[in-house]
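Sequences listed follow chains V and U, in order. Just so you know, the numbering used here puts 60 at position 60 of the first sequence, and the rest follows in order with no gaps. Just so you know, the numbering used here puts 467 at position 467 of the second sequence, and the rest follows in order with no gaps.
Be a bit skeptical, because a hint or two may be false.
Said to hold, decoys possible - With a straight-line cut-off of 25 Å between C-alpha atoms, the simulated DSS-like cross-links for lysine-lysine are:
#1 K145/V / K176/U
#2 K404/U / K13/V
#3 K431/U / K404/U
#4 K204/U / K145/V
#5 K450/U / K208/V
#6 K108/U / K60/V
#7 K13/V / K145/V
#8 K108/U / K365/U
#9 K204/U / K176/U
Think of the hints as simulated: they come from the structure by calculation, not from any bench.
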Amino acid sequence: MTDRYPGYDVLAKRQTQSWNEPTRQVIDRRLAIPHGPRFFSPAEWQTLNAACDRIMPQPKDRPPVPLPAYVDQKLADRLLDGYRYAQLPPQGEAWRRGLGALDQAAEKAHGGPFHGLPPDQQDGLLRRMQEGELADAAWAGMPCKVFFEHRVIPDITHAYYAHPIAWNEIGFGGPASPRGYVRMALDRRDPWEAVEAAPGEEAAARRKNDRVR
Amino acid sequence: MTVSADPFAAPRATGGRAPDVFKRGAWVPMRQFDENEIVDFVVVGTGAGGGPLIAGLAEGGFSVVGFDAGPYFRPLEDFASDEREQEKLYWTDERVVDGANPLTMGGKNSGKAVGGSTVHFAMVSLRFRPEWFKSRSALGYGADWPLDWREMWGYYTKAEKALSISGPVNYPWGPKRPRYPYRAHELNGAAVLLARGAEAMGIKWTPTPLATVSAPHGQSPPCVYRGFCRFGCSTNAKQSQLVTFIPRALRAGAEIRDLAMVGRIEMGSDGRATGVHYHREGRWRFQKARNVVVAGYAIETPRLLLASATNKYPDGLANSSGLVGKNLMTQSNQAVFGTMAQEVRWYKGPPSLAITEHWNYDDRKDFAGGYCWMAQGPLPVEWVSIQTSSRGLWGQALRDEMEKYNHQVGLKMVGEMLPDERNRVTLADDKDQYGLRVARVTYSWGDNDKALIQHALGQMQTSLEMVGATDIFRQEDDTNHLAGTARMGDDPASSVVNSDCRSWDVPNLWVCDGSIFPTTGGVNPSLTITSIAMRTADRIRALAARGEL
């Protein structure tokens, strides 16, 4: 994996002026999410886990951000987006139907459930979903492309980039209240922002990132 | 430090007091009215339209109750620095979207809180180009407003003062305007790149007039540039309705009812509204009133008028023109993004610190309407949403692109879309948590809209190319603000309300929000909504003095 911001940990700022108490509570709750499903059935859960691994693959040298759990939480707690495409059923029903249909497509194309397929075959099926090429009775009229674009992608990727591990990877400053920022100009960094490693300068960047508070 | 109880669990504005938004755990006194007391005005909605009207009416000596379906937040105690958590500011109740270009609702355009969408808006506070108030007769498209731009210029000045707008000494476009009350904010890297691009193209730019203070004002500290503006301001630098007109309204004797969803306007046999049915603390209630003002914005306002249909008014209230819900307008919000060798770190500061309105004031183009563009600063969740929806990325390719986050730069338009009766709000069969039919929002872009968007994308791309951005890509599908659905006009046959925001059909029923816009212009609408609300308060006071309410 690339390590653009070696050693940067946004959680190290938890007790600084960049984090107010509501933020600490919100992130604590996010990190403490139970990993098992409350909404999905065991079969749906397996399919969802496999899909999350392909939509947002994660490095093997750390515990993964539990993306299926965040998708499950959204559905179990009925956290709505504020709008629903007329072509899609309500979000929970869309997910159940879509995962079931993806498994059926896997059976039809490769003779086994989606979660058991090798990654390139999984990617191939997801690409066909993205292109709108999966359509049979299991979809029950739900356009697979709309499901992919407006349920699969946002529900998985938004959960990932709402997680401190993702913020570390992209060098995002993270929570910033009440301290905010001082150095606004191009190529300027406040001491509480991540240091990007220039090629060959990883060790120096890591030392600086260890002091980011 | 204690964090206050859940603002969603029970109303906070009760027992003769409301939250003091400036002090942790503190309260301010609030007058309360009995449901059987006939109040002078109920105002449904407390945002950019409702807030100034509630304050203006209360200051004029009227008894006023303002209703909001959302909670009464305490920004210092309730607001986290977090994109996901702060979705609690949005109207996330179910709505059905369809048409050729279905609208993205929620954070893009709909708030559910005391203060409405101004609690999460990006604070961009712009005046309409004067000709837009007569765009049919002066520019040949859309519809004329029954308002004179010179009168509006005066109300814009009042609104800018009331919201302590920070802006440049000299604004580059349009008729002369007074100096902004507060000095402009410094530019962040993203804004500097907009400025360099505009200068390279030979067009003007300016620091954006923003409703967040650049120096202390009252109990508001200056902006600290934390960059979470669109997710609620946790320091109260942002001059939302929640910290400006709503406190004023309370001091003047208005009551605010939070977590109070109005579901129906009741009509009397004399053709006048008699009050509103609303849901609060688990049951339906009724507030008697002499006047009802609907200020729920371009989806909830027509939804309420349509849902209040009776045998006598089968098509809904104030709808003899048949135009309630029609001519819904959004604004094109496409963008162009690229990668810089430098570190931009666009997450710092308000997201739209610099602007060019060049194409709002240059008519040498082969389509109607105008647009501006502004610097951008999407936080990670919004950024991944742009990457996936614009480029179809997922998997390792998406991870690789996301790692460039601190080097990204972008320009995003706010463009005028033309009114079209086929773009509209109707009632779907689905019901919400209150048992009310949800809104169905139908939207399709017209040919003029598409031509304007393509023009803007080309201009913004040129600007990015001229500052040396690489890997440039376009976000072709995005829209934001809303307008229309209860347009104002001079003729009852072709409008829903008159220039005073008073409905033609029901003399004590008013609409005061972005719904009344006949056209939407090429700038963010909030300052115009607030200015019209301040004017409407003055007009109601004048009408009352003449015995014409």
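We went through each hint and held it up to the structure:
no. : hint            : verdict
1   : K145/V / K176/U : violated, 51 Å
2   : K404/U / K13/V  : holds, 22 Å
3   : K431/U / K404/U : violated, 43 Å
4   : K204/U / K145/V : violated, 42 Å
5   : K450/U / K208/V : violated, 48 Å
6   : K108/U / K60/V  : violated, 36 Å
7   : K13/V / K145/V  : violated, 40 Å
8   : K108/U / K365/U : violated, 28 Å
9   : K204/U / K176/U : holds, 16 Å
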